[in-house]
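Chemist: Take a look at the letters that make up each chain.
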Amino acid sequence: MTIKLYGAAMSTCTARVLACLHETGAEFELVPVNLLNGEHKQPAFLAKNPFGQIPALEDGDLTLFESRSMSTYVAEKFKGSGGDLLRAQNLKEAALVKTWMEVESQQFSPAISPIFYQFYIVPMQGGSPNQAIIDENSEKLGKVLDVYEKKLGSTKYLAGDFYSLADLHHLSYIYYLMKTPSAKLINERPHVKAWWEDISSRPAFEKVASGLILGEK
Amino acid sequence: MAVIKAHGSLLSTATQRVLACLYEKEVEFQFVPVNMGAGEHKSENYLSLNPFGQVPAFEEGDFNLFESRAITQYIANEYTEKGTQLLLPGSNKTMAALQLWKEVEALQFDPASSKLAWELFYKPFFGLTTDTSVAEENEAKLAKVLDVYETRLAKSKYLACDYFTLADLHHLPNIQCLLGTPAKKLFDSRPLVSAWVADITARPAWSKVLAMQKK
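Protein sequence lines, in the order shown, are assigned to chains A and B. Residue numbering for the first sequence follows my numbering, beginning at 1 and increasing consecutively. Residue numbering for the second sequence follows my numbering, beginning at 1001 and increasing consecutively.
Hints in this document: simulated from the structure, not taken from any laboratory. Fair warning: this is a prediction, and the values are worked out from it, not measured in the lab.
Heads up, incomplete: computed chain B residues facing chain A, CB under 7 Å, no partners named:
#1 Gln1073
#2 Tyr1074
#3 Asn1092
#4 Gln1099
#5 Val1148
By construction, the Cβ of each residue, glycine as well, lies at the ideal position given by its N, Cα and C atoms.
Looking at chain A on its own, in the form it has when it is part of the complex (with noise of 0.2 Å):
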């Protein structure tokens, strides 16, 4: 039974399950839902997402949303095929890694998201991107980026000196940002910059990656 994941290969959120699903090695079918129709918004897409929003995956009877429960759930089920994302064997070192996903969720994801809108869907919208939400944010990131910095100076990634889904789930919206000029908060940075340039070069996000056109003409 192939995974469904319904999204566009282009969201940051879609492209954080799609990560995690080339790097597990699992089967799957990439299910597009057009946005622009607002088909997310639609009852079909509800009955997936009842927020309205991508991605959806479906596995058999199972329907998932918010894209960290899904990578999660995929990491989980496909555990033995490319690594253990999520250190399930080792109960500390499973407790650092969700410490390091909390942490992507409610720290470095505010103050990256708000950016990443300015620079990418606000001109879709035929707006320009506002600098004061730009500034403002960027102040935040690079507070929460001086703490990775630290972190990365003692271990290689973020829960440990392992690849995790801690790391993975920050790929999309790094990427998008480092075609911005905000990329300084990286590139001003040498242990994350080094750390971003390893997590980025893995085969599985370089499958990932070439779908994140979002801003090209």
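Given chain A, work out where chain B should sit, using these hints.
Modeler: Leaving out everything else, chain B in the frame of chain A:
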């Protein structure tokens, strides 16, 4: 047995989230107050426990964690045989339901309810003025989330399944906060949500957290 220390502030919803979990699991712990008014959460000592300078932080011997939802997950897994069963053991599909509703709390419920709690509860408490347009905006957002909950609770008694889990527990601090404000009507006007709120806030473990605040 290593001593468990929960560092935080009784006013902090994130700290209360961890305390609720510790009481549900009937695990012995020491509460270590962090004096945020004096900036203790930004001291070098505390930053070694939580590099983001936020509460709570968790220690069990020399094992250290931060982020309240990572802490609750660790406690629920490590002490799975004690106290209330807060997880949803079983197949990957079964466990995924718990994961999903924990994500919903964190990403849909928490942002709107936290902002609303800040405007309607904390600002008056600290002598600041509520921004009514921010309050209205977040009330509208929270209402949409609670509509989804109302539909969900027709299918199962609690959010993830028919028994109380971490997914429900994680909501307690923000719900309790909002029950003391005009936003209470958002819960009262939805019968299934209202019943669920009444049920989870009446749990003895949660009453113990509230009792700590009264001392």
